[in-house]
Each structure stands twice: as structure tokens, then as C-alpha cells.
Amino acid sequence: MERHILVVFPHPDDEAFGVSGTLALHAENGTPITYACLTLGEMGRNMGKPPFANRETLPLIRKKELEDACKIIGIKDLRLLGFRDKTIEFEDEELLSDRIGAIIAETNPSLIITFYPGYSVHPDHDACGAAVIRAVERLPKEKRPTVHCVAFAKNCEQELGKPDIVRDVSSVIDKKMAAIQAHRSQTEGLMKAASKRGGDALAWLKTERFWTYKWKKVL
Amino acid sequence: MQPIRVEEVQTALNRFANQDVYLHLETTNGAYASHHNERFFSAGAYIRNGRIRFSRGKIVGKGPYRVGLRLDFGWVYAEGLTDWEVTDKGQLLLAGHDYEGKLAVALQLSYEPF
Chain A
1 MERHILVVFP
11 HPDDEAFGVS
21 GTLALHAENG
31 TPITYACLTL
41 GEMGRNMGKP
51 PFANRETLPL
61 IRKKELEDAC
71 KIIGIKDLRL
81 LGFRDKTIEF
91 EDEELLSDRI
101 GAIIAETNPS
111 LIITFYPGYS
121 VHPDHDACGA
131 AVIRAVERLP
141 KEKRPTVHCV
151 AFAKNCEQEL
161 GKPDIVRDVS
171 SVIDKKMAAI
181 QAHRSQTEGL
191 MKAASKRGGD
201 ALAWLKTERF
211 WTYKWKKVL
Chain B
1 MQPIRVEEVQ
11 TALNRFANQD
21 VYLHLETTNG
31 AYASHHNERF
41 FSAGAYIRNG
51 RIRFSRGKIV
61 GKGPYRVGLR
71 LDFGWVYAEG
81 LTDWEVTDKG
91 QLLLAGHDYE
101 GKLAVALQLS
111 YEPF
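Note that the protein sequences, when read in sequence, are chains A and B. Using this note's numbering, you'd call the opening residue of the first sequence number 1 and step up by one each time. Using this note's numbering, you'd call the opening residue of the second sequence number 1 and step up by one each time.
The hints are simulated quantities; they were obtained by calculation from the structure and are not laboratory data. Predicted, not measured: the structure shown is a model, and the values here were computed from it. A portion of the hints provided could be inaccurate.
[To be verified] Residues of chain A clear of chain B, computed beta-carbon distances all greater than 10 Å:
(1) R45
(2) K143
(3) G198
[Unchecked claim] List time: in silico DSSO-like cross-link candidates among lysine-lysine, alpha-carbon distance up to 30 Å:
(4) K62(B) to K196(A)
(5) K102(B) to K154(A)
(6) K102(B) to K206(A)
(7) K62(B) to K49(A)
(8) K63(A) to K89(B)
(9) K49(A) to K206(A)
(10) K102(B) to K62(B)
(11) K63(A) to K102(B)
(12) K89(B) to K49(A)
(13) K89(B) to K192(A)
(14) K89(B) to K64(A)
(15) K64(A) to K102(B)
(16) K102(B) to K71(A)
[As the list claims (entries may be wrong)] Here are the simulated distance ranges between beta carbons:
(17) I47(B) to D164(A): 40 to 48 Å
(18) A105(A) to V60(B): 56 to 64 Å
(19) N29(A) to S34(B): 33 to 41 Å
(20) Q19(B) to E159(A): 52 to 60 Å
(21) E91(A) to E112(B): 18 to 26 Å
(22) K214(A) to V60(B): 51 to 59 Å
(23) Y46(B) to L139(A): 35 to 43 Å
(24) S34(B) to Q181(A): 21 to 29 Å
(25) T212(A) to S34(B): 24 to 32 Å
(26) F114(B) to K76(A): 58 to 66 Å
(27) G61(B) to A105(A): 53 to 61 Å
(28) Y111(B) to N108(A): 41 to 49 Å
Virtual Cβ for every residue (Gly too), placed ideally from N, Cα, C.
This is chain A alone, in the form it adopts within the complex (with noise of 0.2 Å):
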């Protein structure tokens, strides 16, 4: 069982898709979560479908979404960090990691999850993934969290290799369906078309991955 789990991710949802199954078991077995989104995902083209969001509302409805889903999966402690969707790679690197290692100064993980630098599509996320193994490199190795990284890019087995967690999600996947489903300015005409398809267009989401970071800095 883990001490404590850290979660850094840029976009409310960010945790849904990948992660929630994996969070939720972790807290049905009382582990803590804390999990801090860097941004609101201001910037987001989704805005409802039928839309019921505009450019200036969606801060507010996704941090609403956010707390949601936190609620279904059982994160307790949720922090945002205040950043802006679309500018986590213009930041200042070194206060990223600041903001990100005090964090983990604060609650001690013993697993960090977040995204695999340069292997997962959204600048954003590569910025926060960058971020968080910068702030965790600076901690002496025997002293180092795990790290659990998200990779999706389509060239992420070819580099990196296959997955070495792979985890069967599917006796929680209705917390995992719901938490999806708490971001619904984001996720409702996606779950529609999906359900549309019918059949095992969802099976996908019962299977969780990640590759576990390999050191490539050592104090």
C-alpha cells in the first residue's frame, strides 16, 4: 500500500480518462490523495454539447466538474496551482518545479503520477510532466518517489517501450464512468458518440498504464 499518493496533471479531466481507476482503488484502500491541477483548463474547445459554456464561464463550470470528480474517486485534498491552460511551457521552469516540490516537500508521496515528458501530445502536459521530474531530480535518488508517468503518443511503445504497469480497473469502472462523466462540459458529446458506437467502444478505458520513470539524473 502507498503512503500517500501525488497527482500533477495540467486540465481538470486530465485525471479522469487515464488515472481515476487507479486512484479510486488506491482509495478504497484509505491511501491519501492530494492532486494538484496546474490549470482550469480555461482555453478548452469543448463547451458542452449542446453547448451551455462560453470562453469566459468555462473556468468556473470545470472547476465545479473538478470537484466532482474528485468527490466520485476519492480525492480529498485537490489543489489548484493557478496556472493558465495553453502556457505551462512559457512558465518560468525553475518556479514550476518550486511550486510542485513544495508540494512535495509538504505531503511526503511515496507515488507520484503524472504525464511522460515528450511522449504525451498536449504541450501542456509535457511541460507539467517536465516539471515534476525536474522538482523530483532534485532530490537525492535514495530519497526519490516513485514516479508512475501517462504516455499516448503515438510513438510511446516504439521509445519507451511497453508499459510496465498495466492494471485491471474494471471493478471500479462505474466510479471511473462517473468521474468521466462529472466533466461533462468536456466528456458529454465524446460519451455520446462513444455509446452511439456501442458495443466495446469503452472497453478500453477497464485497463490503466503507465511506465515508471527511469532516472536519468543522479545526485
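Position chain B relative to chain A; hints supplied.
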């Protein structure tokens, strides 16, 4: 937001003319466009809280609509606009939603920074 009504948007645009106002302008095809379709060339841009002053603003087209704002030394332009709203702060929000209802373009004006 509501489908654009040209006369009402034109009246709203006129209220922002000839004074310093704050502009949010963006186009986006989404960060995943090239991931889902490798042959799609992903491009987008946004400016948030650019301070501008325009002498003439106009909405034209049969829907989707175009808006042009004439600045002292240039222009602001957006096309593909479909919906509009005036917020309780008096901000004018114009947006273009694609056939799936996703935001593709936004042009917004405010007396105070967004």
C-alpha cells in the same frame, strides 16, 4: 450563448468604439488535431487582454459571420462567428462553434481586462 442577430451585435459593437477596450481574440483547432489526424496541420493563436481602440467596428455575412474592427494603425478580423452574448459585466462575447459544437474562434471585447 445565442445565435448571432446582426443588428443587435452591431449595436453592441458600436458601444465599444472610440475608447480603450480589452480584446480576447483566438482561433483554435484543438491540441489533439494532429494526434487524431497526422495529415492535419495544427495551428491556432490567441491574444488575451490586448488593449485596443477602434474607430469603426462592423459585422457582416449571412452566417457564419465576420467582424472587422478598424484600428488607428491596423485591423482586427475574425471569421466563422455563430453565437453571441453580452455578459452581466457588459462584455461582448462572440464565438464560432463548429459543426460538432466545439469552439473554433472567439472575439470578445470588455471595458475592463477579462
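Hint check:
With a minimum CB-CB distance of about 4 Å to chain B, R45(A) fails to clear the 10 Å threshold, and the non-interface call is violated. The non-interface label for K143(A) is consistent with chain B: the shortest C-beta to C-beta separation is roughly 34 Å, beyond 10 Å. No Cβ of chain B approaches the Cβ of G198(A) within 10 Å, the least distance being about 20 Å, so the stated non-interface status holds. Pair hint K62(B) plus K196(A) does not hold up; C-alpha atoms about 33 Å apart against a cutoff of 30 Å.
Taking the CA atoms of K102(B) and K154(A), the gap is about 24 Å. The hint holds against a cut of 30 Å. The suggested pairing of K102(B) with K206(A) holds, with an alpha-carbon distance near 27 Å, which does not exceed 30 Å. The suggested pairing of K62(B) with K49(A) holds, with an alpha-carbon distance near 24 Å, which does not exceed 30 Å. At roughly 21 Å between alpha-carbon atoms, K63(A) and K89(B) fall within 30 Å of each other, so this suggested pair holds.
Restraint check for K49(A) and K206(A): the C-alpha separation of about 25 Å stays at or below 30 Å, so the hint holds. With a C-alpha separation of about 20 Å, the suggested pairing of K102(B) with K62(B) holds against the 30 Å cut-off. At roughly 19 Å between alpha-carbon atoms, K63(A) and K102(B) fall within 30 Å of each other, so this suggested pair holds. At roughly 26 Å between alpha-carbon atoms, K89(B) and K49(A) fall within 30 Å of each other, so this suggested pair holds.
Under the criterion of a C-alpha separation no larger than 30 Å, the hint pairing K89(B) with K192(A) is inconsistent with the structure, at around 34 Å. A distance of roughly 22 Å separates the Cα atoms of K89(B) and K64(A); the hinted pair therefore holds under the 30 Å criterion. Proximity of K64(A) to K102(B) is assessed by CA-CA distance (about 20 Å); at most 30 Å being required, the pair is judged to hold. With a C-alpha separation of about 27 Å, the suggested pair K102(B) and K71(A) falls inside the 30 Å cut-off, and the hint holds.
Taken as a hint, the range 40 to 48 Å holds for the pair I47(B) and D164(A), whose Cβ atoms sit roughly 43 Å apart. Our hint of 56 to 64 Å for A105(A) and V60(B) holds, since their Cβ atoms are close to 57 Å apart. Taking the beta carbon of each, N29(A) and S34(B) are about 39 Å apart, inside 33 to 41 Å as hinted. Checked against the hint of 52 to 60 Å, the C-beta distance between Q19(B) and E159(A) comes to roughly 54 Å, which is consistent with it.
About 25 Å separates the C-beta atoms of E91(A) and E112(B), a value consistent with the hinted range of 18 to 26 Å. Checked against the given bound of 51 to 59 Å, the beta carbons of K214(A) and V60(B), roughly 57 Å apart, stay inside it. Remark: the range hint 35 to 43 Å for Y46(B) to L139(A) is upheld by a beta-carbon distance near 37 Å. The hinted range of 21 to 29 Å is satisfied by S34(B) and Q181(A), whose Cβ atoms lie roughly 27 Å apart.
Here the CB-CB span from T212(A) to S34(B) is close to 28 Å, well matched to the stated 24 to 32 Å. In this structure the hint that F114(B) and K76(A) lie 58 to 66 Å apart at CB is violated, the actual value being about 33 Å. Evaluation of the 53 to 61 Å hint for G61(B) and A105(A) yields a pass: the beta carbon distance comes to about 56 Å. Roughly 47 Å separates the CB atoms of Y111(B) and N108(A), a value that falls within the hinted 41 to 49 Å.
Going down the numbered hints, you'll see the structure goes against 1, 4, 13, 26, while the others check out.
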